[in-house]
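Q: Numbered by the working numbering, the letters in the sequence shown go through residues 1 to 274 in order.
It is worth saying that the hints were derived from the structure and are not from the lab. Careful, some of the hints might be misleading.
Keeping only pairs whose Cα atoms sit at most 25 angstroms apart, straight-line, the calculated BS3-like set for lysine-lysine is [to be verified]:
#1 K269 <-> K180
#2 K91 <-> K5
#3 K174 <-> K91
For clarity, every value in this text was computed on a predicted model and none was experimentally measured.
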Amino acid sequence: MKNQKNFERIMGILTWGAAALTLGVLAFIIGFILFKGVPHLKPSLIAFSYNSENVSLMPGLISTILMTLLSLAISVPVGVFAAIYLTEYAKRGSKLVSLVRLTTETLSGIPSIIYGLFGLLFFVTYLGWGFSLLAGAFTLSIMILPLIMRSCEEAIHSVPDVLREGAFGLGAGKLRTILKIVLPSALPGIFAGIILAIGRIVGETAALIYTAGTVAQIPKSPLSSVRTLSVHMYALSGEGLHTNESYATAVVLLLVVVAINTLSAKIVKSIGVK
């Protein structure tokens with residue numbers, strides 16, 4: 001009994017220590033970014049035109065927002081409908097379901113630069129889209145599709161079968177049950193997957209360099225070459241001439257992620273999901 005209490009005490013200390021270490025590392029990273037970047041935030045960084053003197057991040061910010069919206073518009077419907085089919089329509093334990101799950105797990109582990117090379121060969125070269133917003137969005141949508149599918153699938157699986165049985169008992173059809181009962185109950189998990197996907201889109205660099213390009217301009221069409229905030233920060237730090245501005249861009253990127261997460265939480269509350 002004494003040994004068990006000692007073991008529990010040690011495990012508790014290790015757990016709290018790991019949590020404190022994680023929070024400490026997070027606080028250090030955020031504090032370092034703010035310390036290095038906030039003093040260099042200036043009005044010239046939010047000019048709508050980029051040049052070698054102001055190295056404005058505004059084109060990158062607008063491109064990041066458009067890239068995120070377009071990527072989600074492509075991947076979310078496909079991922080949600082695929083998850084609905086796998087959980088509600090496909091026969092459980094079938095070879096098809098096992099094959100799809102194996103494929104999505106395999107795709108989740110592929111480095112982003114491989115997606116970038118695929119996008120370069122297929123979207124940029126074969127389809128002739130060139131370095132463009134559209135090529136980058138399609139490449140990112142393929143990259144985040146496994147994450148959205150698995151998150152949606154787990155969220156739908158977590159809905160108790162008793163809710164489905166109750167709906168069927170009241171005479172509701174399968175599609176109506178999915179739309180009115182299952183999906184509303186699974187929305188928190190679905191939104192969690194979408195938020196994780198947004199974080200990966202916003203922070204992606206390697207895949208976009210090979211597909212969207214590095215032109216710092218506000219896109220005039222889906223086929224315009226763009227530079228997102230992460231690529232903008234990478235380009236500035238790589239040049240070595242505007243390191244301070246790259247830290248300021250990191251601060252803005254951090255604020256964008258926080259704003260997206262806050263907005264997503266408000267959307268979940270506004271549609272009545274607890």
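Q: Tell me the hint numbers this structure goes against, listed in increasing order.
A: Hint 2 is the one this structure does not satisfy, whereas the remaining hints hold.
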